[in-house]
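Student: Protein chains in written order, with our numbering: chain P, 2 to 275; chain C, 2 to 275; chain W, 634 to 939; chain S, 634 to 939.
Treat the hints as calculated values from the structure; they're not laboratory data.
In this text the structure is predicted, and so the values were computed from the model without any measurement.
Hints may be right or wrong, so weigh each one.
Stated by the list, open to error - Covered stretches of chain W, as calculated for chain P (at least 3 residues, CB under 8 Å): (1) 658-672; (2) 692-705; (3) 905-915.
Said to hold, decoys possible - So, partial list: chain W residues that the calculated Cβ filter (under 10 Å) puts toward chain S: (4) G849; (5) P854; (6) A855; (7) V861.
Just so you know, even glycine gets a beta-carbon here, dropped at the ideal spot from N, CA and C.
As a plain string of letters, each chain reads:
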Amino acid sequence: MTCADETARDRALLERVSVLSNDRVAEGVGLIVLQSPRVARSVRPGQFVHLRVAEGRDFVLRRPFSVHAAHGDRLEILYQVLGVGTRALSLSGRGDEMDVIGPLGHGWEIPDTLSHALLVCGGLGAAPMGMLATELAARGVAVSVAQGAPTAPRLVARDLFADAARRHEIATDDGSAGHHGFVTALVEPLLAGDSPDVVYVCGPEVMQRIVAAQASAAGVPCQVSLERLMGCGIGACLSCVVSTVHGQKRACVDGPVFNANEVLWESAEIPPKH
Amino acid sequence: MTCADETARDRALLERVSVLSNDRVAEGVGLIVLQSPRVARSVRPGQFVHLRVAEGRDFVLRRPFSVHAAHGDRLEILYQVLGVGTRALSLSGRGDEMDVIGPLGHGWEIPDTLSHALLVCGGLGAAPMGMLATELAARGVAVSVAQGAPTAPRLVARDLFADAARRHEIATDDGSAGHHGFVTALVEPLLAGDSPDVVYVCGPEVMQRIVAAQASAAGVPCQVSLERLMGCGIGACLSCVVSTVHGQKRACVDGPVFNANEVLWESAEIPPKH
Amino acid sequence: MNQTVNMKVRLGSLELRNPVLTASGTFAAGREYSDFIDLSTLGAVVTKGVSLHPWAGNASPRIAETASGMLNSIGLQNPGVEAFCAGDLLWLATQDVPVIVNVSGHSVEEYVAVARRLESEPTVSALEVNISCPNVDEGGMAFGTSCPAAAEVTRAVRAVTSKPLIVKLSPNVTDITEIARAVEAEGADAVSLINTLLGMAIDTRTFRPKLARAVGGLSGPAIKPVAVRMVWQVASAVQIPVVGMGGIMTADDAVEFMLAGATAVAVGTANFVDPTTTSSVAQGLEAFCRERSIQSVAELTGAVRL
Amino acid sequence: MNQTVNMKVRLGSLELRNPVLTASGTFAAGREYSDFIDLSTLGAVVTKGVSLHPWAGNASPRIAETASGMLNSIGLQNPGVEAFCAGDLLWLATQDVPVIVNVSGHSVEEYVAVARRLESEPTVSALEVNISCPNVDEGGMAFGTSCPAAAEVTRAVRAVTSKPLIVKLSPNVTDITEIARAVEAEGADAVSLINTLLGMAIDTRTFRPKLARAVGGLSGPAIKPVAVRMVWQVASAVQIPVVGMGGIMTADDAVEFMLAGATAVAVGTANFVDPTTTSSVAQGLEAFCRERSIQSVAELTGAVRL
Ligand SMILES: Cc1cc2nc3c(=O)[nH]c(=O)nc-3n(C[C@H](O)[C@H](O)[C@H](O)COP(=O)(O)OP(=O)(O)OC[C@H]3O[C@@H](n4cnc5c(N)ncnc54)[C@H](O)[C@@H]3O)c2cc1C
Ligand SMILES: Cc1cc2nc3c(=O)[nH]c(=O)nc-3n(C[C@H](O)[C@H](O)[C@H](O)COP(=O)(O)OP(=O)(O)OC[C@H]3O[C@@H](n4cnc5c(N)ncnc54)[C@H](O)[C@@H]3O)c2cc1C
Ligand SMILES: Cc1cc2nc3c(=O)[nH]c(=O)nc-3n(C[C@H](O)[C@H](O)[C@H](O)COP(=O)(O)O)c2cc1C
Ligand SMILES: Cc1cc2nc3c(=O)[nH]c(=O)nc-3n(C[C@H](O)[C@H](O)[C@H](O)COP(=O)(O)O)c2cc1C
Ligand code: FES
Ligand code: FES
Numbered sequence: 002m003t004c005a006d007e008t009a010r011d012r013a014l015l016e017r018v019s020v021l022s023n024d025r026v027a028e029g030v031g032l033i034v035l036q037s038p039r040v041a042r043s044v045r046p047g048q049f050v051h052l053r054v055a056e057g058r059d060f061v062l063r064r065p066f067s068v069h070a071a072h073g074d075r076l077e078i079l080y081q082v083l084g085v086g087t088r089a090l091s092l093s094g095r096g097d098e099m100d101v102i103g104p105l106g107h108g109w110e111i112p113d114t115l116s117h118a119l120l121v122c123g124g125l126g127a128a129p130m131g132m133l134a135t136e137l138a139a140r141g142v143a144v145s146v147a148q149g150a151p152t153a154p155r156l157v158a159r160d161l162f163a164d165a166a167r168r169h170e171i172a173t174d175d176g177s178a179g180h181h182g183f184v185t186a187l188v189e190p191l192l193a194g195d196s197p198d199v200v201y202v203c204g205p206e207v208m209q210r211i212v213a214a215q216a217s218a219a220g221v222p223c224q225v226s227l228e229r230l231m232g233c234g235i236g237a238c239l240s241c242v243v244s245t246v247h248g249q250k251r252a253c254v255d256g257p258v259f260n261a262n263e264v265l266w267e268s269a270e271i272p273p274k275h
Numbered sequence: 002m003t004c005a006d007e008t009a010r011d012r013a014l015l016e017r018v019s020v021l022s023n024d025r026v027a028e029g030v031g032l033i034v035l036q037s038p039r040v041a042r043s044v045r046p047g048q049f050v051h052l053r054v055a056e057g058r059d060f061v062l063r064r065p066f067s068v069h070a071a072h073g074d075r076l077e078i079l080y081q082v083l084g085v086g087t088r089a090l091s092l093s094g095r096g097d098e099m100d101v102i103g104p105l106g107h108g109w110e111i112p113d114t115l116s117h118a119l120l121v122c123g124g125l126g127a128a129p130m131g132m133l134a135t136e137l138a139a140r141g142v143a144v145s146v147a148q149g150a151p152t153a154p155r156l157v158a159r160d161l162f163a164d165a166a167r168r169h170e171i172a173t174d175d176g177s178a179g180h181h182g183f184v185t186a187l188v189e190p191l192l193a194g195d196s197p198d199v200v201y202v203c204g205p206e207v208m209q210r211i212v213a214a215q216a217s218a219a220g221v222p223c224q225v226s227l228e229r230l231m232g233c234g235i236g237a238c239l240s241c242v243v244s245t246v247h248g249q250k251r252a253c254v255d256g257p258v259f260n261a262n263e264v265l266w267e268s269a270e271i272p273p274k275h
Numbered sequence: 634m635n636q637t638v639n640m641k642v643r644l645g646s647l648e649l650r651n652p653v654l655t656a657s658g659t660f661a662a663g664r665e666y667s668d669f670i671d672l673s674t675l676g677a678v679v680t681k682g683v684s685l686h687p688w689a690g691n692a693s694p695r696i697a698e699t700a701s702g703m704l705n706s707i708g709l710q711n712p713g714v715e716a717f718c719a720g721d722l723l724w725l726a727t728q729d730v731p732v733i734v735n736v737s738g739h740s741v742e743e744y745v746a747v748a749r750r751l752e753s754e755p756t757v758s759a760l761e762v763n764i765s766c767p768n769v770d771e772g773g774m775a776f777g778t779s780c781p782a783a784a785e786v787t788r789a790v791r792a793v794t795s796k797p798l799i800v801k802l803s804p805n806v807t808d809i810t811e812i813a814r815a816v817e818a819e820g821a822d823a824v825s826l827i828n829t830l831l832g833m834a835i836d837t838r839t840f841r842p843k844l845a846r847a848v849g850g851l852s853g854p855a856i857k858p859v860a861v862r863m864v865w866q867v868a869s870a871v872q873i874p875v876v877g878m879g880g881i882m883t884a885d886d887a888v889e890f891m892l893a894g895a896t897a898v899a900v901g902t903a904n905f906v907d908p909t910t911t912s913s914v915a916q917g918l919e920a921f922c923r924e925r926s927i928q929s930v931a932e933l934t935g936a937v938r939l
Numbered sequence: 634m635n636q637t638v639n640m641k642v643r644l645g646s647l648e649l650r651n652p653v654l655t656a657s658g659t660f661a662a663g664r665e666y667s668d669f670i671d672l673s674t675l676g677a678v679v680t681k682g683v684s685l686h687p688w689a690g691n692a693s694p695r696i697a698e699t700a701s702g703m704l705n706s707i708g709l710q711n712p713g714v715e716a717f718c719a720g721d722l723l724w725l726a727t728q729d730v731p732v733i734v735n736v737s738g739h740s741v742e743e744y745v746a747v748a749r750r751l752e753s754e755p756t757v758s759a760l761e762v763n764i765s766c767p768n769v770d771e772g773g774m775a776f777g778t779s780c781p782a783a784a785e786v787t788r789a790v791r792a793v794t795s796k797p798l799i800v801k802l803s804p805n806v807t808d809i810t811e812i813a814r815a816v817e818a819e820g821a822d823a824v825s826l827i828n829t830l831l832g833m834a835i836d837t838r839t840f841r842p843k844l845a846r847a848v849g850g851l852s853g854p855a856i857k858p859v860a861v862r863m864v865w866q867v868a869s870a871v872q873i874p875v876v877g878m879g880g881i882m883t884a885d886d887a888v889e890f891m892l893a894g895a896t897a898v899a900v901g902t903a904n905f906v907d908p909t910t911t912s913s914v915a916q917g918l919e920a921f922c923r924e925r926s927i928q929s930v931a932e933l934t935g936a937v938r939l
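Next comes chain P alone, as it looks inside the complex (with noise of 0.2 Å):
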């Protein structure tokens, strides 16, 4: 539902873009890299592009991926490869054109008074906290990481994150690179240990959940990044409803990002992909 008091909507654009490079980056992750000189000067960190992955004759709705950098006109998405959307975008290579609509959605908010950020992200959860940990470090914000992945090999961005955070903590659900275990287990020490002023989070919204409320149990606000499937991306269909304490709320434009106070987890989420 379109509202009313929704003035200061950002204006979406749809832009024929190229791909500049596109490689195999982790176990199953690519990373993509558009030139789109429009999109990528206005996207923040936690908004979201709608690419049409395969075209000609064939009906294949779009597909959301986060803006995982921008740097200058190019945008870099980190994808995993999960079906035939994501399938057709590994196959594409330099100089492939595709269309693209974006910047799309309420990325993560960032106070002026922020000095400290806990950013807690498991698998492709990384992705959206990209272009977050990049602005932050710049800001001169005192960044934490704390990222899971089920095992090394498929942990992504561990560079730009290595770069940007003051501290980068790891688990692996096999042991194979950090803690052995849920990234959940680094979040109550880093809580306490960093005491920071908001904490953000992306990955299954099972491990949002429950980073959610660790958060909420420590006193510190909490951002979430959720995930719906999506039809239109502008907000237009209402296929991609978050429960919330204020009535539905689209993810596509009231989110991707929202305060974790105010989902209502029992609303159903998109089924565990693996």
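Keeping the supplied structure of chain P fixed, place chains C, W and S with the ligands upon it in accordance with the hints.
Tutor: Here is chains C, W and S with the ligands on its own, set in the frame of chain P:
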């Protein structure tokens, strides 16, 4: 309908083939060469293959193409770019793989006693005439070719016909090469002058019908190669029926070549393509 | 080639600049799409379904992609007619495009109450009464799958509205012409079709339906042949104009619907893939006519050669 | 991983080696496909529709490709039951695969006459009575879109056959469960669904319908969501087994139908794209069970988790 008496049916092969080359050879026409040992070695003039032009998630029916030439392991197909299927075909290149069913259908009958043949073709009707002309020449049959096209740049297989035929006459609708007019205008003089034993025809159905009438008036047996929209291509679906004096026949197995005097021409044809 | 084509068409007393509408529920009230296209290039904006009170819609997931199509079970989520008038409608009043409001209800009384509330709104050019939503437990499609129920809703809404009345039909019926005739007899000025086909998809990994509500509505190119057939049947069965939709992605698709008998067409699911589709279909339709020296787009309506 | 999966399923008294059948009309009597696959890897061959007298079928063109699907208006062309018994059936007798004959008719009497003729043929393992062909002017779908007519055909055929009786249902109805219950009540041993959806396509260049008969039946992946939904509805409504079909291209598609409630599945249009589909679906179904340590494929039937 499968006939109980159809005992000498050839086995159709399903073969994974690779593209050796794919080039534009006339306006809107490509020649694709496939490495297809099993089909190439067993195909006879006038037979066709059923090509899977697009794979992947998409549902796309196969498309039937005559075998234009076969040399050793190599199969040549002359195709006109019309719609999605032939466009996809035109985009494939060396090394691409596709899958082929063939050789299919009942090709040209070549009587043992044949000494002089007249081949009449219009547009891409030249495609199934390639192997025929070559085979006839190899058998020492005197070949005359009457070939029509809308305009000179759309004439195909000129070299092949020039090699195989004793006589090669051309007609174009716009007079840009040979006779200015329809190919049918060349037929009566050739029938009278050369006294062929058989007339072979392929092209738009209306042209085939006229030539069949011309041959009949001259008392010369005539074979036509008919196009129908094809589902299975192997005789199972009954998409491709041709009305004949012997009832409904399937173009894919009972044809595509029929004796002209068996065909009931009032049966509906595929709508003309341009 | 510089010849101008008359693109105007009429749905009852409503004259449209061109035959291309937005399909309800796929375009909200157009505001989001105004980032991509000029709404004044469209025949009309058809809004998302509006009910008397706010509806929360169904649980998530609400969509699933299928071969050449998608399933949705949005469930008519909307803020209710008052909030609609105070929000989207005020915005639409500032736009240069006719507005057709899609009216939803759980009961005949609810349809009537929504229509009554909209009667005094000058921004509303026409009503489209949705008796074909497959995604609600009460009302919705139940009214569109029975002649007496379809007739009853139409009669009741007709009694309270002076605006052009379009009734949106469900394809999930044995004989759609029967329903079309029933609503025509009760005073509908036009019919629109098709709404979505009821469908289901199951995730073979989790053994769960892909939609939380199990079933949903199938839309997109997959359903176009069913939609074209129904438009053809209905256009042959009634005198009132038909708005055709179901899988339109290109101007050629729109032509196909018009040849089958549609006076106007609507673009739905395609908006999600390319938000400029409505506008490019309108342009392409004009180009189609120009290239063939067709002077008025209305000549396409029912021009199929049998 | 070397565990064996019990692939057997039952349709009434008919036990099948595995749940994968051929969809009538897409596989002729299997002879053409025996070039590509071993027919004994299939649950059964379901033949093209057979009528009492020879039928010529419809005019050409008889097919058209659509988004993720195709339209056909073959029109039950067949040489009649006598020629069938003397031809295809003799050949089928030499093959190691159960044979289900698809029975067609213009009238109740014709269905009965065909069934009676087949009663004495030991090669025929079961009958599938087709009350859902959209491509004939009389009979066909007319019997499948009304409960009394569906019941009447079933009752009449039941009276003359001792073979397992499958009734093939039409999706072109408001409520398919009603028809399913009607034929179950008259003694059908199983139902199969869906037959094709009635559709139409128009060539915008010629303004002519792409099929000579104007309308035809839509099949292929495009219709799968509608088919899965109907299988789910029917399986919940009747006690007899359901044979599911509509757009099956892969083993995963077959699993989806079984989860929705199908006991067996049939592969139709996919055969045209890849003539080995039936066999690879059967293999893939077994692999699916093996990988998940499912001991019997029958456990998949109706296992959707709501
Ligand atoms: C705001 C947002 C940001 C995202 N950012 C990233 C990112 O930066 N990197 C990344 O790898 N992934 C991201 N995703 C998820 C990504 O959109 C899906 O993985 C992708 O759409 C899968 O497409 P597919 O065709 O490969 O898979 P499909 O075959 O379509 O489905 C595979 C699985 O992917 C998920 N999925 C499919 N479509 C969507 C969709 N429209 N929205 C969300 N999930 C979907 C479902 O769980 C589905 O089961 C994001 C999703 C959202 C909503
Ligand atoms: C036995 C046989 C041999 C053929 N040999 C050749 C050949 O050697 N070279 C060549 O260029 N073409 C040949 N054709 C025609 C060729 O099959 C079609 O041009 C091709 O299928 C068009 O596919 P498309 O996807 O590009 O066009 P589409 O977009 O599918 O349709 C464009 C037009 O092509 C025609 N067409 C489409 N599908 C078929 C089909 N299955 N069978 C026949 N016509 C169809 C129709 O007229 C249609 O209007 C042959 C056809 C048959 C039946
Ligand atoms: C996400 C979504 C929401 C829809 N909501 C409505 C609605 O509120 N009211 C309505 O009458 N139709 C609704 N429809 C149906 C469309 O208006 C249209 O009839 C149907 O989708 C077929 O057209 P298409 O194939 O172009 O999408 C909705 C369709 C979709 C995909
Ligand atoms: C070319 C063709 C011919 C068909 N002929 C018959 C038939 O004779 N009898 C019948 O019951 N169904 C017939 N059908 C319907 C199929 O058996 C099946 O129900 C339908 O095509 C859906 O399955 P699919 O999507 O896998 O093709 C035919 C379908 C096609 C495509
Ligand atoms: S994806 Fe359409 S409203 Fe969010
Ligand atoms: S194409 Fe199927 S029988 Fe000829």
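Student: For each hint, tell me whether it holds in the structure or not.
Tutor: Hint by hint, here is what the structure shows:
Under the rule that three or more residues need a Cβ within less than 8 Å of chain P, the assignment of the stretch 658-672 of chain W holds, with 10 such residues. For the stretch 692-705 of chain W, the stated coverage by chain P holds: 11 residues have a C-beta nearer than 8 Å to a C-beta of that chain, and at least 3 were required. Given as covered by chain P, the stretch 905-915 of chain W passes the check, having 5 residues with a CB less than 8 Å from a CB of that chain where 3 are the minimum. The beta carbon of G849 of chain W comes within 8 Å of a beta carbon in chain S, closer than 10 Å, and the hint placing it at the interface holds.
Because the beta carbon of P854 of chain W sits about 4 Å from the nearest beta carbon in chain S, less than 10 Å, this interface hint is met. For A855 of chain W, the interface hint holds, the least distance from its beta-carbon to any beta-carbon of chain S being 4 Å, beneath 10 Å. Hint on V861 of chain W holds. Least Cβ distance to chain S is approximately 5 Å, under the 10 Å limit.
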